[in-house]
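Number of protein chains: 2
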Amino acid sequence: MSTQTREIHLAARPHGTPTPDDFRLVETTLPDPGPGQLLVRNRAMSVDPYMRGRMNDSKSYVAPFRLDAPLEGGAVGEVVAAGPDTTVEVGTLVLHNLGWREHALVAADAVQPLREVPGASPSHYLGVLGMPGLTAYAGLFRVGALQAGETVFVSGAAGAVGSLVGQFARLGGAGRVVGSAGSAEKVAFLTDELHFDAAFDYHDGPVRDRLREAAPDGIDVYFDNVGGEQLEAAIGALRLRGRGALCGAISAYNATEPPPGPRNLGLMVSNRLRLEGFLVGDHRDLQGEFAERVGGWFAAGDLVVRETVREGLDSAVGAFLGLLAGENTGKMVVTF
Amino acid sequence: MSTQTREIHLAARPHGTPTPDDFRLVETTLPDPGPGQLLVRNRAMSVDPYMRGRMNDSKSYVAPFRLDAPLEGGAVGEVVAAGPDTTVEVGTLVLHNLGWREHALVAADAVQPLREVPGASPSHYLGVLGMPGLTAYAGLFRVGALQAGETVFVSGAAGAVGSLVGQFARLGGAGRVVGSAGSAEKVAFLTDELHFDAAFDYHDGPVRDRLREAAPDGIDVYFDNVGGEQLEAAIGALRLRGRGALCGAISAYNATEPPPGPRNLGLMVSNRLRLEGFLVGDHRDLQGEFAERVGGWFAAGDLVVRETVREGLDSAVGAFLGLLAGENTGKMVVTF
Chain L
1 MSTQTREIHL AARPHGTPTP DDFRLVETTL PDPGPGQLLV RNRAMSVDPY MRGRMNDSKS
61 YVAPFRLDAP LEGGAVGEVV AAGPDTTVEV GTLVLHNLGW REHALVAADA VQPLREVPGA
121 SPSHYLGVLG MPGLTAYAGL FRVGALQAGE TVFVSGAAGA VGSLVGQFAR LGGAGRVVGS
181 AGSAEKVAFL TDELHFDAAF DYHDGPVRDR LREAAPDGID VYFDNVGGEQ LEAAIGALRL
241 RGRGALCGAI SAYNATEPPP GPRNLGLMVS NRLRLEGFLV GDHRDLQGEF AERVGGWFAA
301 GDLVVRETVR EGLDSAVGAF LGLLAGENTG KMVVTF
Chain X
1 MSTQTREIHL AARPHGTPTP DDFRLVETTL PDPGPGQLLV RNRAMSVDPY MRGRMNDSKS
61 YVAPFRLDAP LEGGAVGEVV AAGPDTTVEV GTLVLHNLGW REHALVAADA VQPLREVPGA
121 SPSHYLGVLG MPGLTAYAGL FRVGALQAGE TVFVSGAAGA VGSLVGQFAR LGGAGRVVGS
181 AGSAEKVAFL TDELHFDAAF DYHDGPVRDR LREAAPDGID VYFDNVGGEQ LEAAIGALRL
241 RGRGALCGAI SAYNATEPPP GPRNLGLMVS NRLRLEGFLV GDHRDLQGEF AERVGGWFAA
301 GDLVVRETVR EGLDSAVGAF LGLLAGENTG KMVVTF
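Here the protein sequences line up with chains L and X, keeping their order. To convert, note that position 135 of the first sequence is 135 in the UniProt record's numbering; the numbers rise steadily by one, no gaps. To convert, note that position 41 of the second sequence is 41 in the UniProt record's numbering; the numbers rise steadily by one, no gaps.
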């Protein structure tokens, strides 16, 4: 009994900002799961900024997406059929990497049964309790080496990772937490709901001046989701022995020419600054500590978890394009 | 019995590249040393790139030089008279910070009697056995965290610090050592005398292409003395988890507008790169290890120590301007 389902293919490699024509919704038929396979009905899928890079045909830390094949990405689904030689029970909720489709035929050893956290919905495992959560955690505490009482600045602060960085910083003992975002509504979200000490809209530039108002005494840790002008402003604001954890540079993902770099790297010598790029995949060893600490904050209600939810596979391309355009507050997810 | 002597004052703050008119040779009279003071006859004084920054009236890690007052900087001299309440004997060779003058009246607790190394001349304590040596050592082994077998690239490789970085790297177990410099003669010095594995003239750009030829498999550690295009090329060449130790940016010291920054910082995320600025003053705790290890290499004849020597205080301004113009190979010093 095969399964009729739908998936999204990459139809063309985007040049600059992607358009709907770069994607194609395809009907397909999946066979029953064979030995060692599971059939999963997806309940939620992730759209993430890093996916933009995989749409280019260029060397990076993950292979490019193939043309005319389904896209991939984090997803949570329910096992609806299990092939021979599998031990995962039908009905189990699993995390896996075959998003962008309504059903997935996936190797049983490529799924991770969820350790359910009270109060968590499937999409939370794609955000606060999943990869974006661990990204925020590792970048802030390990790469950024946050110490009690320090001042943290995070760009893209209303996004999936940024909104967690700010909250983890506060719960982890930071003295002051400031953030930037791309609209007045997001700024209000940061200060009113997430209790950032200060926040500003980067459109109200120069960023350097806005940052100086938000953190008059400078910053100790910068968590960079954006790059460009915000990185330059942060370097200028970092105090002696300040650290920058470079997580992403969404301002450049659609650029067709390399954007200018920060002109103030000379400060790195005089102020003994450290900038370090990182990928969450190198910090899987923190998973246990992360699950315990962040799971605890989540279960205790200490975290405000905002999601921007789109419904159904037909909305997935729009969700991804909207993510790159900054339409989300908190994690952007597609639910089924 | 006072002492007639000469010293060099800062007559004007240079705009861009300094000129001789920014300096003034002044005759002066020093009184006999008072309690706790020593009169030192300088034998060698240092000119260093960092001094350019102190000539600006801007906040930095050391205070600006004062106008119409003698410049300062590393010097080695012989104690010729000792005031009351001092324990340093006349005739002792001491390291102190009142260079740019033929005699210095200096507090006894601000001098460091030299622990003499066999075969060393006074100027060596301003180079390989002094601050530039410790700078190279700390930047390469601590900040750059060089591991055995790795490839090191150093810019400004024929300079005081760079020529030591390359040799320390080789002696410290690097697999391949490459360097850049500003003339064919310097390049020949690097390969023929210092035994770098490869070297190039940065004028024969693009630096990116020359670096790719010199280090076809990429680099693991970059020791930056130059900034600008060389830093961008190095970031592009750094392999997974590569480190950049940022020591200086002589390409920018005379700039009146901030030069453009590297356009490829996105690689820091995908390749998990680390860039860290440092100042030798933060690494004084390595002094003992440095003295033992580098002193050993020096005494054993394992190091090629080239100096560019100018004679007499009248040549000091020319030595400094020549340093900024890249006229030196190895340490630029002025002897008396």
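Bear in mind the hints are in silico, worked out from the structure with no lab data behind them. No residue lacks a Cβ here, since even glycine has one placed at the ideal position from N, Cα and C. Check the hints yourself; a few may be wrong.
[What the hints assert, rightly or not] Using C-beta positions, here's what the derived DEER-type ranges look like:
| id | chain 1 | residue 1 | chain 2 | residue 2 | range |
| --- | --- | --- | --- | --- | --- |
| 1 | L | 201 | X | 213 | 32 to 38 angstroms |
| 2 | X | 256 | L | 212 | 56 to 62 angstroms |
| 3 | X | 325 | L | 147 | 40 to 46 angstroms |
| 4 | X | 147 | L | 68 | 54 to 60 angstroms |
| 5 | X | 282 | L | 116 | 56 to 62 angstroms |
[Unchecked claim] From the derived model, a few chain L residues whose C-beta atoms are all more than 10 angstroms from chain X:
| id | residue |
| --- | --- |
| 6 | 5 |
| 7 | 92 |
| 8 | 106 |
| 9 | 175 |
| 10 | 216 |
| 11 | 218 |
| 12 | 264 |
| 13 | 276 |
| 14 | 278 |
Outcome of the hint check:
no., hint, in the structure
1, L/201 x X/213: 32 to 38 angstroms, "violated (47 angstroms)"
2, X/256 x L/212: 56 to 62 angstroms, "violated (24 angstroms)"
3, X/325 x L/147: 40 to 46 angstroms, "holds (43 angstroms)"
4, X/147 x L/68: 54 to 60 angstroms, "violated (43 angstroms)"
5, X/282 x L/116: 56 to 62 angstroms, "violated (48 angstroms)"
6, 5, "holds (33 angstroms)"
7, 92, "holds (34 angstroms)"
8, 106, "holds (27 angstroms)"
9, 175, "holds (23 angstroms)"
10, 216, "holds (16 angstroms)"
11, 218, "holds (13 angstroms)"
12, 264, "violated (6 angstroms)"
13, 276, "violated (4 angstroms)"
14, 278, "violated (6 angstroms)"
Hint violations for this structure: numbers 1, 2, 4, 5, 12, 13 and 14, all remaining hints satisfied.
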